[in-house]
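**Student:** Letter by letter, the chains look like this.
There are 2 protein chains.
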Amino acid sequence: VTLLYEGKAKQVFSVSGEPDLVRMEFKDSLTAFNAQKKGDFPAKGMINCQIATLIFQKLIRHGIESHFVRSEGDRAMIVKQLIMLPLEVVVRNRVAGSLAERLGIAEGKPVRAPIVEFYYKNDALADPLVTAEQVESLGLLPHLSISQTHEVLLSLQAFAKKLNQALIKIWQQVGLELVDFKFEVGTDKDGRLLLADEITPDSCRLWDLKTQEKFDKDRFRRDLGGVAEAYHEVLRRLKTDDGGRP
Amino acid sequence: VTLLYEGKAKQVFSVSGEPDLVRMEFKDSLTAFNAQKKGDFPAKGMINCQIATLIFQKLIRHGIESHFVRSEGDRAMIVKQLIMLPLEVVVRNRVAGSLAERLGIAEGKPVRAPIVEFYYKNDALADPLVTAEQVESLGLLPHLSISQTHEVLLSLQAFAKKLNQALIKIWQQVGLELVDFKFEVGTDKDGRLLLADEITPDSCRLWDLKTQEKFDKDRFRRDLGGVAEAYHEVLRRLKTDDGGRP
Chain A
2 VTLLYEGKAK QVFSVSGEPD LVRMEFKDSL TAFNAQKKGD FPAKGMINCQ IATLIFQKLI
62 RHGIESHFVR SEGDRAMIVK QLIMLPLEVV VRNRVAGSLA ERLGIAEGKP VRAPIVEFYY
122 KNDALADPLV TAEQVESLGL LPHLSISQTH EVLLSLQAFA KKLNQALIKI WQQVGLELVD
182 FKFEVGTDKD GRLLLADEIT PDSCRLWDLK TQEKFDKDRF RRDLGGVAEA YHEVLRRLKT
242 DDGGRP
Chain B
2 VTLLYEGKAK QVFSVSGEPD LVRMEFKDSL TAFNAQKKGD FPAKGMINCQ IATLIFQKLI
62 RHGIESHFVR SEGDRAMIVK QLIMLPLEVV VRNRVAGSLA ERLGIAEGKP VRAPIVEFYY
122 KNDALADPLV TAEQVESLGL LPHLSISQTH EVLLSLQAFA KKLNQALIKI WQQVGLELVD
182 FKFEVGTDKD GRLLLADEIT PDSCRLWDLK TQEKFDKDRF RRDLGGVAEA YHEVLRRLKT
242 DDGGRP
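Sequences listed follow chains A and B, in order.
The opening residue of the first sequence carries number 2 in the working numbering; numbering runs sequentially from there.
The opening residue of the second sequence carries number 2 in the working numbering; numbering runs sequentially from there.
The following block holds chain A by itself, in its conformation from the complex (with noise of 0.2 Å):
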């Protein structure tokens, strides 16, 4: 068993006989600002791991396949080894952080249709916005050609589409409405797309229903306090939802 990665928030190691699997372990650290805020809280990683478990099995029943393959132990899941795209993709229902900043629109201002954007991942550049044409055009993509790579963001486009869609049925039937979130996609051995990565309160901003009240990063990001206390709640919620069966 080797490590492979370790990144902010989660450690891969190899998993022995089994080469297309790999492990995916997560720690209790907390980072924002592409890691100059810096903390932790205990459990956190069995926390994320728990709700990043729950979500990723909703998402099968709404047809978004994941990396996930299976639980191990408490802290940690087997997930299938893929190519990363060097992308993040953002999805906003709301305008919220960052683009609330850049473009001067006040938190919360609802957009008149889902937005995806797309992030170069490189933290010495700390992860600049990159627009479709601009991926293509400097092929950003490893591998691919233009128009390949058109194919490519187009198909992630829609997918991003139906994961905002599924996701937000997911935090609604919680009690919180899903105000944007950050994903990351692969492809596996048979060049599918799939979700790899996680999403978490770390991942997702997430406003209840009725308080408005924040249950995800932006609580430790923004020194509000209560950041242990709003992820247990988050994964509390999902663990009793009986996922709106009649």
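These are computed hints drawn from the structure, not numbers from a lab.
It cannot be assumed that every hint is accurate.
Which copy is meant is left open, because identical chains are indistinguishable; a pair holds if it fits in one copy or across any two.
Unchecked claim - List of simulated lysine to any residue pairs, SDA-like, C-alpha gap at most 25 Å:
| id | residue 1 | residue 2 |
| --- | --- | --- |
| 1 | K183 | D224 |
| 2 | K110 | L141 |
| 3 | K162 | E108 |
| 4 | K170 | L5 |
| 5 | K110 | Y120 |
These numbers come from a predicted model, not from an experiment.
Following the hints, put chain B in place on chain A, whose structure we already have.
**Tutor:** Okay, now just chain B, sitting in the frame of chain A:
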């Protein structure tokens, strides 16, 4: 005669008796990095006015209409009053400037196909890059619905590519490569999209086809010296250009 607007490099005055026209007077000032860097040189306004005039005249032969109506003295032109779109449009044929920095790509790298970028015109926000979907979903074009905005941006993209092809030829004719350029557009009273503002070494990156020497505002931005000489030389070449007639 009233001063209607004063920008970084131009003043715009009303024209008495002609309510649909305005007089655009070019100042001697040079600014860069959202006006954090300021300079000027004598006759700069005159030179840029004459360059812009020649380019607008040449563009007509390529089927591209601008706001230009007629010259007025050395450093002014009479133009149609337009309702301006709050966007700056950038077209790139090679990576340079802010794009090279933001994405960590070497300056001068050719692109696979010309890139059209939109920037939201707002000095306080330093003109942020926006995607077409952001412009549409956030309602950044006043009074237009999401589908109307979509149509305008499609027209604008087509216009940008046609303008790029024309400008590549016009500058090539005088021994200069068009690396990238920025333009602005507005709609006239009949709702037609017209090229506005200026096309000059302030708004284009122009590299000598033989020597790669820069003949544009980068000489000022990067303290390369010879700023006035470069602008004078661009005007000299345009004036002696026979328009490629055999």
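**Student:** All the hints need checking, so say for each whether the structure fits it.
**Tutor:** Right, here's what the structure says about each hint:
1. Taking identical chains as interchangeable, the C-alpha atoms of K183 and D224 lie at most 25 Å apart only when both belong to the same chain, with a minimum of 21 Å there against 41 Å between chains.
2. For the homomeric pair K110 and L141, the shortest alpha-carbon distance between copies (13 Å) is at most 25 Å, but the shortest distance inside one copy (32 Å) is not.
3. In the homo-oligomer, the alpha carbons of K162 and E108 lie at most 25 Å apart inside one protomer (21 Å), although the nearest pairing across protomers, at 35 Å, exceeds that limit.
4. Taking the shortest Cα distances, K170 and L5 never come within 25 Å of each other, neither inside one copy (35 Å) nor across copies (51 Å).
5. In the homo-oligomer, the alpha carbons of K110 and Y120 lie at most 25 Å apart both inside one protomer (22 Å) and across protomers (21 Å), since each shortest distance falls under that limit.
Taken one by one, the earlier hints fail for this structure only at number 4.
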